[in-house]
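Protein chains: 4
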Amino acid sequence: MLSRRTDLAVEAADLGKAGAAAPEGVRLREETREGCPVTRVKVLPGRGEAALGKPAGTYVTVDLSGLARREEGAFPRSCRAVAAELRGLLGDLPPRAPVLVVGLGNRAITPDAIGPGAADHTLVTRHLIQQIPEHFGAFRPVAALAAGVLGTTGVESGELAQAVAGKVEPGCIIAVDALAARSVERICATVQLTDTGIVPGSGVGNHRFALDRKHLGVTVVALGVPTVVDGATLALDILEEAGRDDLDPAALRGVGGDLMVTPRDIDQRVKDMSKVIGFAIDLALHPQLSVEDVELFLS
Amino acid sequence: MLSRRTDLAVEAADLGKAGAAAPEGVRLREETREGCPVTRVKVLPGRGEAALGKPAGTYVTVDLSGLARREEGAFPRSCRAVAAELRGLLGDLPPRAPVLVVGLGNRAITPDAIGPGAADHTLVTRHLIQQIPEHFGAFRPVAALAAGVLGTTGVESGELAQAVAGKVEPGCIIAVDALAARSVERICATVQLTDTGIVPGSGVGNHRFALDRKHLGVTVVALGVPTVVDGATLALDILEEAGRDDLDPAALRGVGGDLMVTPRDIDQRVKDMSKVIGFAIDLALHPQLSVEDVELFLS
Amino acid sequence: MLSRRTDLAVEAADLGKAGAAAPEGVRLREETREGCPVTRVKVLPGRGEAALGKPAGTYVTVDLSGLARREEGAFPRSCRAVAAELRGLLGDLPPRAPVLVVGLGNRAITPDAIGPGAADHTLVTRHLIQQIPEHFGAFRPVAALAAGVLGTTGVESGELAQAVAGKVEPGCIIAVDALAARSVERICATVQLTDTGIVPGSGVGNHRFALDRKHLGVTVVALGVPTVVDGATLALDILEEAGRDDLDPAALRGVGGDLMVTPRDIDQRVKDMSKVIGFAIDLALHPQLSVEDVELFLS
Amino acid sequence: MLSRRTDLAVEAADLGKAGAAAPEGVRLREETREGCPVTRVKVLPGRGEAALGKPAGTYVTVDLSGLARREEGAFPRSCRAVAAELRGLLGDLPPRAPVLVVGLGNRAITPDAIGPGAADHTLVTRHLIQQIPEHFGAFRPVAALAAGVLGTTGVESGELAQAVAGKVEPGCIIAVDALAARSVERICATVQLTDTGIVPGSGVGNHRFALDRKHLGVTVVALGVPTVVDGATLALDILEEAGRDDLDPAALRGVGGDLMVTPRDIDQRVKDMSKVIGFAIDLALHPQLSVEDVELFLS
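Residue numbers (the numbering used here), protein chains in the order written: chain A, 941 to 1239; chain B, 941 to 1239; chain C, 941 to 1239; chain D, 941 to 1239.
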């Protein structure tokens, strides 16, 4: 029988009845940053993990729907809001500690292209610090890797990240990936940040080797953007609202197939969100830069 | 209230009860060509048009699902089957009459890229007949146009086709576009050919100027490949099968948005189908060529 | 025997001895605009045409080498300088007269991609004036066409432009193309504007149908960016400077082939110059807009 | 003063007078394979290295000019010829020993895109052997890496290859890169294979960390395709033939710049050669496959 799927902790916390309190072992807090609604979900070890089916840690969701509504100033505000949350999760990472940014996913598949797109907007400095010390001597060393896909490399993204981390010796790894959401409204309108890394089987693609502290030896902060709703999840939600949660959508018209639901303008929205994520990483890692500075560096 | 949408005549004929006879004024016939199931829908003027909401004419659907199942020899068989049906619709077009191929849709949006992709696989000969008469003197003059999108040209695809047709003076126009289907199984697994041209508002994009005999002065044969199912259509079908066709999906969880449902491997499937359509056009317009010949010409 | 080739009037005027006066029938004037050196060559009918081998008219060269040197503010200054010169050549074109922008050349060949790249940066408004009159009612109608290449359409770029002009009924056509220069220093560092249109056989590609007033019925202002030096031209110049202008480079080591000379970073430079040209067209056609406004419209 | 540059041992051996014998410590042998002329240069330690300025080892040049002349059957013959020479350099590598293919160079710069292009045509099997043992159990494990460029990753290609080799534990590494030739005729018409790896500073790009046995611990077979002639090298050759080898081209018209000379159809030729190299690697590593088999696997 088909089951619901979401990669967002904020949705997992809400999978029971609407309006109910957070499950035991799970804490929610809401606030606003740069005009963007922010929800913090803290999953405690034990009961919290069991309730949400997600590893213990912090999950922050930033609502960037102002971007899709083309609100005035939405782009720089979104970048700064995500950067601030990312900085929070980096904790006490020293200013000169190297960082490795890993863009997960397949550039050739639109809703899986968030990771490679964010890597394209990452300000890479590791090589410049030695090459042009007069300009970049004070920068944090940042390396980036668009990890490609298993089918074109024969190497798991996690293995690749592990290998490169052995060279870069980062103080922290930032991994970016596409996610699946339950709610259509969250597609390309939300980013989830977490200090738990990325668990296998997430998102659009199929990365089975976890990118987390256990495998990589340093904190892995994951930034994920939901780009699809799973077809079966949507069907189950429709049936539930229709009062027919006894039905299996796999028995219905073609819904059992390997389907995804996206907005019609998914191409533009993935492009926009990749840029926000990349810029937010740049601002978080190089606090001396403004959005305008990053634009100039990357042009 | 949301309503169902399909661009396929074979599905429109079936929108009433399953197993029922074809509506009055509509004739169906089924057969097999090159191993591919073929359904011919003949829509008669008047009652047939009213029953299906589509202009009178012939609509042929070729089932190419063997291609997605990677059956042995599926590619050349699919090309030949579509070519044969296309030749049927071209009727008594003289062998040397010029033809204009118009690829509709937006190359940058995956499920809308069937038309430009097919144009890329079209063997263009119009200029070669004069330039290299020793090799191409006996070929039919073929011109091709990827009509782009209104937002990047400021000119409707239909206007553009009309303008170029004024230069090329074709005996027939072949237009290729992406369509919306009702059934998930038909996505990138079916091609519809029709001699009625393309009516406004079809498919993924939004082309408002009809490409038909009335506007362009010659027969317009349209080849369409369904690449999406409309989100609301899928929801209505699920609700109907759940016995709740009294509900409007717009009232349900996010379904009212401008959503499309596609398979996860839509990128590869659009690429494959574009090639089949392009090759089928080449075989139909140059009957002296084999699939292997076309491969060599286009490499 | 191989001969020298340049598409720049300013170089053709100088093909004789350096330091010599301008040929009879040719007038040169130099000035500076927005910090960019500007040279105006006026070719008079008869003697001027014979001396330069170019049709009578005005040829303006704007030196944008500050852009490659990454001078502060070079991008907006370059856009404004070219826009001002373009406005001069558009003469008394009424503010609401429609304009058709034609990007010539082949997007898939780096040094031939200036035209399609500039078309990508053109603010297309023709369809918006009716669709969103509240925002665009006061704009000039602008349509754009990336004319593709003969081999992929079977239709000459000039024919295509003529066909589309029949629909758009522009008061003026602006054509953008890549050119060949004699001097390596001018590659992607100069733009030539002329009111004579584009003569066949120019640039990297091979467009044989002239885009000029005679063929298109309205003034054609051409903007050309040199992106290559012809291999034989470079060889002849080297031999001349070596005092061996009696030698034919075709007899030398492989120089007779169909070669082009480009800078190593041609990809980035073509991208940069396409943007300058596109923005300059936008500023010239919509004088109410600033560089920042155009950035926002096109993002 | 500018000096000549070539990455081809066969040209370096010939840098003295034409028609002269090979330098001491260098052995040349010529033969034909699949209709393609093959030249083997053996550079002996000591004198040979000094004479050619290249590390001791075997350098095999396969002339694939039949491909550009579009000779009948040139593509499969070229693939098989290069595969056979590659197999020779792999020596006694066991049939099931893993291999890592590294595509060097920058995909975004046409003449530097040979390596990434060849990686795209590499049949990657490492992950399939476990995933689908019933089909791939008997295949050699092959992994591939398009190493990207320093500027977008912050990690040297050589470091990256070293890191991934630590995971894949290959019995041999195959590195593919673009080269610079002295002779225009050899551009995209020749492939050089060598068992010495790739020395820093080769080709179009600028990879400073050597990919060789010393750094990577296993034999590195390098396949290189010349895609450019250095501007200064061409000028020096012209001056020499003109009897003016006393002149420095840096003093001449713009030749001192960072120029490259390529054929006009470089885009198509790089595409063709990338496919030949990729297919040759596939045939060499999986001797049970034919060219047709590889076509099917990669479609």
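Incorrect hints may have been included.
Identical chains blur together in the list; that is why a pair holds if it fits in one copy or across any two.
[Claimed, not checked] With a Cα cut of at most 20 Å, we get these calculated EDC-like pairs of lysine to aspartate or glutamate: (1) Lys1154 - Asp1207; (2) Lys1107 - Glu1074; (3) Lys1211 - Asp1188; (4) Lys1107 - Glu1096; (5) Lys1154 - Glu1099; (6) Lys1211 - Asp1003; (7) Lys982 - Glu971; (8) Lys1154 - Asp1233; (9) Lys1211 - Glu1235; (10) Lys1154 - Glu970; (11) Lys1211 - Glu1099.
Because the hints were derived from the structure by calculation, they are not lab data.
Quick rundown of the hints versus the structure:
1. Lys1154 - Asp1207: So Lys1154 and Asp1207 fail the 20 Å test inside a copy (35 Å) and across (35 Å) alike.
2. Lys1107 - Glu1074: Classified as neither; 24 Å inside a copy, 36 Å across copies.
3. Lys1211 - Asp1188: Neither, since 35 Å and 32 Å both go past 20 Å.
4. Lys1107 - Glu1096: both (17 Å within a copy, 10 Å between copies)
5. Lys1154 - Glu1099: Answer is within: at 13 Å inside a copy they meet the 20 Å cutoff, but 24 Å across does not.
6. Lys1211 - Asp1003: The answer is within: 17 Å in one copy meets 20 Å, while 34 Å across copies does not.
7. Lys982 - Glu971: within (14 Å within a copy, 61 Å between copies)
8. Lys1154 - Asp1233: neither (36 Å within a copy, 42 Å between copies)
9. Lys1211 - Glu1235: both (15 Å within a copy, 16 Å between copies)
10. Lys1154 - Glu970: Neither. Shortest intra-copy (30 Å) and inter-copy (56 Å) distances fail the 20 Å Cα cut-off.
11. Lys1211 - Glu1099: Classified as neither; 27 Å inside a copy, 30 Å across copies.
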